[in-house]
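Go ahead and model the full structure; you've got the sequences and the hints to work with.
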Amino acid sequence: MSAAHRKLRWACLALLVAFHGARAEVIYETTSAYHRIVVTDYQGMRTLFFDDAMESRMSLQDPLKGHFEYTEFFHLPWLWNERITNVLMVGLGGASVPRAFQRFHPQVTFEAVELDAKVVRVARDYFFLRESPTLKVTVADGRQHLRRSRQKFDLIVMDAYTANRYGSYLPYSLVTREFFALAFDRLSENGVLAYNVISPVRPRRKQDIVAAIHQTLNVVFPQVYQFHAATSQNVVLLATRSARAQTAETLQQKADDLVQRRVITVPGFKGHLRALRPTPGYASDQSLILSDDYAPLNGLLNAD
Amino acid sequence: MRNLTAMALVFLGGFALMILEIVGARYLGKDFGGAFYVWTSQIGVILIALALGYFVGGHLADRFRRAGFLAVLLVPAGLFVGLIPNCTGFLLEAIVMRHPADQPIPLLWQKLDPALGSALLFLLPCFALATLSPYMIRLLTPSVSAVGRTSGLVYAASTAGSIAGVFVSGYVLIDAMSLTQIFRATGALTAALGAGSVLMDRLPAEPAAAQES
Numbered sequence: 036m037s038a039a040h041r042k043l044r045w046a047c048l049a050l051l052v053a054f055h056g057a058r059a060e061v062i063y064e065t066t067s068a069y070h071r072i073v074v075t076d077y078q079g080m081r082t083l084f085f086d087d088a089m090e091s092r093m094s095l096q097d098p099l100k101g102h103f104e105y106t107e108f109f110h111l112p113w114l115w116n117e118r119i120t121n122v123l124m125v126g127l128g129g130a131s132v133p134r135a136f137q138r139f140h141p142q143v144t145f146e147a148v149e150l151d152a153k154v155v156r157v158a159r160d161y162f163f164l165r166e167s168p169t170l171k172v173t174v175a176d177g178r179q180h181l182r183r184s185r186q187k188f189d190l191i192v193m194d195a196y197t198a199n200r201y202g203s204y205l206p207y208s209l210v211t212r213e214f215f216a217l218a219f220d221r222l223s224e225n226g227v228l229a230y231n232v233i234s235p236v237r238p239r240r241k242q243d244i245v246a247a248i249h250q251t252l253n254v255v256f257p258q259v260y261q262f263h264a265a266t267s268q269n270v271v272l273l274a275t276r277s278a279r280a281q282t283a284e285t286l287q288q289k290a291d292d293l294v295q296r297r298v299i300t301v302p303g304f305k306g307h308l309r310a311l312r313p314t315p316g317y318a319s320d321q322s323l324i325l326s327d328d329y330a331p332l333n334g335l336l337n338a339d
Numbered sequence: 125m126r127n128l129t130a131m132a133l134v135f136l137g138g139f140a141l142m143i144l145e146i147v148g149a150r151y152l153g154k155d156f157g158g159a160f161y162v163w164t165s166q167i168g169v170i171l172i173a174l175a176l177g178y179f180v181g182g183h184l185a186d187r188f189r190r191a192g193f194l195a196v197l198l199v200p201a202g203l204f205v206g207l208i209p210n211c212t213g214f215l216l217e218a219i220v221m222r223h224p225a226d227q228p229i230p231l232l233w234q235k236l237d238p239a240l241g242s243a244l245l246f247l248l249p250c251f252a253l254a255t256l257s258p259y260m261i262r263l264l265t266p267s268v269s270a271v272g273r274t275s276g277l278v279y280a281a282s283t284a285g286s287i288a289g290v291f292v293s294g295y296v297l298i299d300a301m302s303l304t305q306i307f308r309a310t311g312a313l314t315a316a317l318g319a320g321s322v323l324m325d326r327l328p329a330e331p332a333a334a335q336e337s
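Going down the list, the protein sequences come from chains A and B.
All residue numbers for the first sequence refer to this note's numbering, where the first residue is 36 and numbers rise by one.
All residue numbers for the second sequence refer to this note's numbering, where the first residue is 125 and numbers rise by one.
Errors might be hidden in some of the hints.
Capping the alpha-carbon separation at 20 Å, the derived lysine to aspartate or glutamate pairs in DMTMM-like fashion look like this [said to hold, decoys possible]:
1. A/187 / B/226
2. A/171 / B/226
3. A/305 / A/328
4. A/153 / A/224
5. A/305 / A/284
6. A/187 / A/160
A short list of chain B residues far from chain A (calculated; beta carbon distances all over 12 Å) [claimed, not checked]:
7. 152
8. 174
9. 183
10. 200
11. 204
12. 231
13. 234
14. 244
15. 266
16. 272
17. 277
18. 279
19. 284
20. 312
The set of hints was computed from the structure by calculation and includes no laboratory data.
From the three backbone atoms N, C-alpha and C, an ideal C-beta is built for every residue, glycine too.
In structure tokens, the structure reads:
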């Protein structure tokens, strides 16, 4: 390394400390085969970063608080099936979802599949992930795991999305028609697939990733609903095996009913219905069905 | 003309090889997922194919001193590549599904399964493509005094083709074409290289080369 290069590095480091390090304390840092993983503490909030992008957040005082808004949308499938007992999640992150499910749905057996063994370790050590007979964590590829599983799930949660300063990244094998057909097959009769994706920052283009995933889900699932987070660009798509189309009104009634009967005790549950967007009618020039054979995700996720 | 044809064949051979490496890794992803081991396996297997192809290609070149012999390797290889999307699904399925369901795959097989899949699909065609370089060095070298220049030129042309193959497939092809179309086109190109090598035998040797030898 040249002297100038070294100097530049120190200057960058000093800037980082001045603007970031002075406030947030890095409590753990490691590099895995997939990400540079950093855990910071700042003002009572613990944050997980993958490649400098925020991946998960948790309040140190109350680990059931501080998480991202979109993770609460993963309780919404109860509107379609109030007897959810078997849940599979692909992508563990900072374990916000399993933590909440253990607390608010103790009857649920939860299985999380995470590709990166170091992410699992970080979730255990820093994000209060406690494995138990009702919370199992497996290190594996999500699609391969689902393919080899003979179980039926009432809910499959997909949160395998990551981002860095160059853009967003979704593994292509988890957004194709063939994968959704596999998920459909592994869901129980009233099962729901919940899919987190980030909508593009830039103004609406002809084709975007949300539209493509929505339409591809719709090839396999009879109904697909979009929930847009207010505090971030996250969109959670809910694809149901149930063919009956639900409206905002019927869902609101169901939500009132679930909360009143205390089937659902998650705070703010009913409010999440405000995130429901009318199902867009995609024009034919916007249609793009993603398949194992053709899934131009790079163009969809990162092009202007 | 003969030299130029040889360079074109070597360049396109390198091009096809790297398309198979990059697009092949994508193709393996639907069965072996996003694991780091997929890329590791793909790169390792292609390098094995290169080493074997160089070794065997050099021996063949000394024995059969006609470029046309390469057609025997390249035409079947092209056919095989063109049929990858249709005929190899069951092989990859068998690799994944041979493990008992609902149990984790042992770490050793998590690592080796993608390499096994990659070898079944890409070892043979990439081996065939790799024989081009040593073969052409042998055919284009009029005398030992020119072997440095010739081999350097062939290495450079082949590597330039590989560089083009990497960027074109990663930056353009994956977003513009389906995997099936890419495999078909690469298969056709590989078979065409076989035809090109037959053609090369009909071209007269370069005058300068003829004098030297």
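Right, here's what the structure says about each hint:
1. Between residue 187 of chain A and residue 226 of chain B the alpha-carbon distance is near 12 Å, which keeps this suggested pair within the 20 Å criterion.
2. Distance check on the hinted pair: residue 171 of chain A and residue 226 of chain B sit about 13 Å apart at the alpha-carbon level, within 20 Å; holds.
3. Distance check on the hinted pair: residue 305 of chain A and residue 328 of chain A sit about 40 Å apart at the alpha-carbon level, beyond 20 Å; violated.
4. Between residue 153 of chain A and residue 224 of chain A, the direct Cα distance comes to roughly 35 Å. Violation of the 20 Å bound is thereby established for this hinted pair.
5. Among the hinted pairs, residue 305 of chain A with residue 284 of chain A is consistent with the structure: their alpha-carbon atoms are about 12 Å apart, no more than 20 Å.
6. A distance of roughly 30 Å separates the Cα atoms of residue 187 of chain A and residue 160 of chain A; the hinted pair therefore is violated under the 20 Å criterion.
7. With a closest Cβ-Cβ approach of about 10 Å to chain A, residue 152 of chain B is found to fall inside the 12 Å limit, against its non-interface label.
8. With a closest Cβ-Cβ approach of about 24 Å to chain A, residue 174 of chain B is found to remain outside the 12 Å limit, as its non-interface label requires.
9. Every C-beta of chain A lies more than 12 Å from that of residue 183 of chain B, the closest at about 38 Å, which supports listing it as non-interface.
10. Non-interface status of residue 200 of chain B relative to chain A is upheld: no Cβ of that chain comes within 12 Å, the nearest being about 24 Å off.
11. A cut-off of 12 Å between C-beta atoms confirms that residue 204 of chain B is not in contact with chain A; the least separation is 19 Å.
12. The claim that residue 231 of chain B lies off the interface is violated: its Cβ sits roughly 9 Å from the closest Cβ of chain A, which falls inside the 12 Å cut-off.
13. Its beta-carbon lying about 8 Å from the closest one in chain A, residue 234 of chain B breaks the requirement of being farther than 12 Å from that chain.
14. Against chain A, the non-interface label of residue 244 of chain B holds: every CB pair exceeds 12 Å, the least being about 17 Å.
15. Residue-level check passed: residue 266 of chain B sits 46 Å from the nearest beta carbon of chain A, beyond 12 Å.
16. Distance check for residue 272 of chain B against chain A: the nearest CB is about 34 Å away, which clears 12 Å, and the non-interface claim stands.
17. With a minimum CB-CB distance of about 34 Å to chain A, residue 277 of chain B clears the 12 Å threshold, and the non-interface call stands.
18. At roughly 31 Å from the closest C-beta of chain A, the C-beta of residue 279 of chain B stays outside 12 Å, upholding its exclusion from the interface.
19. Listed as outside the interface, residue 284 of chain B is consistent with that label: its C-beta sits roughly 25 Å from the nearest C-beta of chain A, beyond the 12 Å cut-off.
20. Annotated as non-interface, residue 312 of chain B keeps its C-beta farther than 12 Å from every C-beta of chain A; the closest such distance is 18 Å.
Checked against the numbered hints above, the structure breaks hints 3, 4, 6, 7, 12 and 13 and satisfies the rest.
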